[in-house]
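Required output: the full structure, derived from the provided sequences and hints.
Protein sequence lines, in the order shown, are assigned to chains A and B.
Under this note's numbering, the first residue of the first sequence is numbered 1, with each subsequent residue one higher.
Under this note's numbering, the first residue of the second sequence is numbered 1, with each subsequent residue one higher.
These are computed hints drawn from the structure, not numbers from a lab.
For glycine and all other residues, C-beta sits at the position ideal for the given N, C-alpha and C.
Incorrect hints may appear among the rest.
Short derived list, chain B residues pointing at chain A, Cβ under 8 angstroms [as the list claims (entries may be wrong)]:
no.	residue
1	M4
2	R7
3	A16
4	A20
5	G35
6	W37
7	E39
8	I40
9	G46
Far from chain A by the CB rule (all over 12 angstroms, computed), these chain B residues [claimed, not checked]:
no.	residue
10	M1
11	F2
12	T3
13	L5
14	R6
15	A8
16	V9
17	G11
18	A12
19	V13
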Amino acid sequence: MRVAVLGAGLVGQRAARYLRDLGSEVTLYSRGRQLRPIAGIETVAGFDPGQLSTDLAILATEAMHQVQVAERLIRRGISVVATADRPLAVRTLWTLDSLAQQHGAAVVVGAACAPGLSTLMVAKLAEGLDGVDTITTARFGTGGPACAREHHRSMAAEAWEVQDGAGRWARGGSGRTLVWFPEPAGPQDCYRAGLAEPFLLQQAFPDVRRIQCLQAATRRDRATARLPMLRPPHAEGLVGSVWVEVRGHTTERGVEHRVLAASAPQATAAGAVAALVAHDLVNRTSTFQGTRSVLWSTSVTHLLQRLPKDIGLWAHTSAIGGRPLSDSPIQAARKWRFTRDFS
Amino acid sequence: MFTMLRRAVFGAVIAALTGAILRIFGGDGAPPQRGGWREISPDELG
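Structure follows, in structure tokens:
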């Protein structure tokens, strides 16, 4: 089966390499610039979604561009894996469900680092819980220049979150929380931001009382969020991390508090998740028509287990491992600012 | 020369005030009280 990767930035190139390593035939399309040859990958400068001949396409271009391309590909019955992380792009892609069903195409939305890897980690932590009460995610770092611009934009955007079971808007840059990521990221101040994760998590966990997704930023990031970027974005953020926390309960052990983190450059994690999802789709591991998040996969565990070795997964020893916590104060990888008795 | 100095001092005061405000209105944090991160292998996820 042939897979087209549209967009030859960091995420596109890494997704193409992972797919090649998984044994897929891959063509990597840039939006126009000439690409250096990559072993085992066909490279093409420029693409027209109306002429593309492929079974599945990974979209790794700028977020809003992905919406236009996805619609044209779906109309031709080509399945799509979208890496867009801008909330508007994700919500728009989500509305293509009926179009995708009509044309027999599968659309996976949010197959990147956050959302994507973070969503998978939340689902993994929620396994075995009788009820999930709170989901919190945080991310540190950026991928390439487009990701850095998105980070800057999101700090000034309204943040969507779920509080007491109802969605609400909050000011981006507020809600400062200190999150302890695994090294090398370490402790970082994280803030509300205009992120796509809460929307996708709410689709997957509609009964959860509280969903909040945070983004690490410096004080300068927060103070200059509403200004144009003061200096050009860097080529790549080489340190990245995703942190997720799920709080719920089981009938046997009472309140459970679970924390998991991943450490890898964000472009690496995004490329790997997109490649694995695309690989499962073309190999018909499980199929569907319409729009889904990465949680469509029947086995989240199997997907996480196949992550490349350069993505480290970390468990917080005080919070995971099946030890009952209901009889002791909850100790977290971050400071709890609100406490509530769930017993 | 005196005007330049005054402007520099004024700029520094504004910058310090802005920094102080940002710091004052931020929350605080505490390190985890026990436990730590442990890298897990893919097999442990099963």
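Subject >> Violations among the numbered hints >> reply: 1, 2, 3 and 4
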